[in-house]
Amino acid sequence: MTKSYIDLRSATEMRDRSLRDKVMSLGEAAALIADRDHVALGGCTLSRTPMAMVWALIRAGKKELSISRSITSTEGDLLYGSGASRHILTSWFSQGIVWGVSKVMRHYTENKLARFEEWSHMAIGLRYRAGAMGVPFMPVRTMMGSDVGGRIDETHEMDCPFTGDRLLLVPALNPDVALIHVQRCDAYGNAQMDGLPFMDIDIAMAANKVIMTTERIVSNDQIRREPDRTKIPFITVDAVVEVPYGCAPHECYGVYEPFLPNLDYYAELTRSDPVAGVKEYLERFVHGPKNWNAYLTLLGMENVIDATVRGRSVYND
Amino acid sequence: MTENGRHSASELLAVMSSRLLDDGQTVFAGVGIPLLAATLAQRMHAPGLTILFEGGTLGPFITPGELPPSTNEQRCTRRANMVLSSTDVLLLLQRGYVDIGFMGGAQIDQYGNLNSSFIGDADDPTIRLPGTGGGNDIASLTRLIVAMIHEKRRFVETVDFVTSTGFWRGGSSRVEAGLITGGPAKVVTDLAILGFDQETKRMKVEALHTGVSAEQVRENTAFDLLFDTDIETTKPPTDDELAVLREFDPDRLYIA
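Respectively, the protein sequence lines represent chains E and X. The letter at position 184 of the first sequence is residue 184 when you use our numbering, and the numbering goes up by one with no holes. The letter at position 253 of the second sequence is residue 253 when you use our numbering, and the numbering goes up by one with no holes.
Note that these hints are calculated values from the structure, not bench results. It cannot be assumed that every hint is accurate.
These stretches of chain X come out as covered by chain E in the derived footprint (C-beta under 8 Å, 3 or more residues) [unchecked claim]:
| # | stretch |
| --- | --- |
| 1 | 66-76 |
| 2 | 136-145 |
If we take Cβ atoms under 7 Å as the criterion, some of the chain X residues that face chain E in the derived model are [stated by the list, open to error]:
| # | residue |
| --- | --- |
| 3 | 31 |
| 4 | 59 |
| 5 | 85 |
| 6 | 94 |
| 7 | 97 |
| 8 | 130 |
| 9 | 132 |
| 10 | 133 |
| 11 | 158 |
| 12 | 162 |
| 13 | 170 |
| 14 | 175 |
| 15 | 178 |
| 16 | 210 |
| 17 | 213 |
Computed footprint of chain E on chain X; a stretch qualifies when at least three of its residues, placed anywhere within it, have a C-beta under 8 Å from a C-beta of chain E [unchecked claim]:
| # | stretch |
| --- | --- |
| 18 | 50-58 |
| 19 | 119-128 |
None of these values were measured; they are calculated from a predicted model. Each residue gets a CB set at the ideal place from its N, CA and C atoms; glycine is no exception.
Chain E extracted, bound-state conformation (with noise of 0.2 Å):
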């Protein structure tokens, strides 16, 4: 993925970065994405996944694109079981470590059905970290000696000009498309993110395209009311879409919990055979409703009620 310096900086060059609404639908975002895109995901295991993006993106009927995440869970899965993607590059993929191992990334890896591309989670930070910083590499200490290291041919080792020390240096990591989940974010894309960031921000940096979701649109003047918590800039920003739940069943920090009926039963009816149960989890809860909404009173009102009340209980004291 490590892109010429010269077309990175040109890439970015042609990107409208003025300060314009850049409100729109999920489908009209997911009509910015290509088949085969590098597509990096935000947040971390069950926590600000952009799912209402990967919900829009399986819809569309993606194809081939290649995804990158700090951590996989079920929108893995999705993916996976869609046909949208037959590789993911992250460091962990399962659904969580309280449901097992996942029984569709078992059937799809382990019948070479879909690449799963390990790097050690501190190794995928620092790839979106160059990218982010217009860097060719970055040096690290870890992986070295593993088979984790082994098994990947993007990386070199060199010793230090400095002290000796002998270094593995990691590829930038420059994706076509960012797909982010924030609390907050204005008409121009100026984002706000709380609780943790995880790699939101270099993935934001180093992408090509960013297509922010946010749980609610406030005005450009409250974002300069606090420009402190601006954590993501508008300029590298691409498209803004409201989506309330945004991250369902998943969580978004101080606004819902994991929706945990939910992700009970896909784990239960994924176990026996994951094939059928992604289907028919797909058919039931992406293709089936009519739009974002829907899929939400699909959810269940208790259940929407319940992930909130636990989700704002992390304000209370």
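Assemble the complex: chain E is given as a structure, and chain X must be docked to it using the hints.
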């Protein structure tokens, strides 16, 4: 349940490993038993223990009954001093701010290498496991405590795949591979506490839990273990320790 049904194997692991953590230390804890053991240590004897989670949390206190499903959810951040990016929290390992890394694994070998990626041949695996997460980074960059159930299929001569490098091929091979700091310090199991020989870096038994024989440990290990000359016996979990564990994990998510 072991010990006349007083506690489960996981509870024993959590208690024994929590006792290895000292007040004032900074510990980087993985999900499951490590998270629970670090939390138990904070409550029992190490109120000043600083816990780091790879999701990007620095110095939290987990709320009883609200264990997170991984180390990346909002439940990890309760009463934390700071939240930072996951890359930056992992860089604290590389910079040297972490005393102990603390994690589990599916397989471990005689040199403390851990496998959480593949059972069988990596190119044609019997089981594709979830992978390293931050495990490789923690094992590469700091002193490590590993908590694992002691079974022959888990304690193998050579791991199928080195996800997280221990002492690699023994001797000084870890350092020669470029990992000039850290390395496995202790392995805590439901049978024993093990360390590593200073020269050869092979695993050795340092203490047995109450009621466990050396023979039992040998039977459950697929390689030749070294034994310390004076093997100690650990004190069984106290009622207080078990009560705190069960208060934190009433649904027995991690201590089943």
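Here is what the structure says about each hint:
no.: 1; hint: 66-76; result: holds (count 7)
no.: 2; hint: 136-145; result: holds (count 4)
no.: 3; hint: 31; result: holds (5 Å)
no.: 4; hint: 59; result: violated (14 Å)
no.: 5; hint: 85; result: holds (5 Å)
no.: 6; hint: 94; result: holds (6 Å)
no.: 7; hint: 97; result: violated (14 Å)
no.: 8; hint: 130; result: holds (4 Å)
no.: 9; hint: 132; result: holds (5 Å)
no.: 10; hint: 133; result: holds (4 Å)
no.: 11; hint: 158; result: violated (11 Å)
no.: 12; hint: 162; result: holds (4 Å)
no.: 13; hint: 170; result: violated (12 Å)
no.: 14; hint: 175; result: violated (9 Å)
no.: 15; hint: 178; result: holds (3 Å)
no.: 16; hint: 210; result: violated (29 Å)
no.: 17; hint: 213; result: violated (32 Å)
no.: 18; hint: 50-58; result: holds (count 4)
no.: 19; hint: 119-128; result: holds (count 5)
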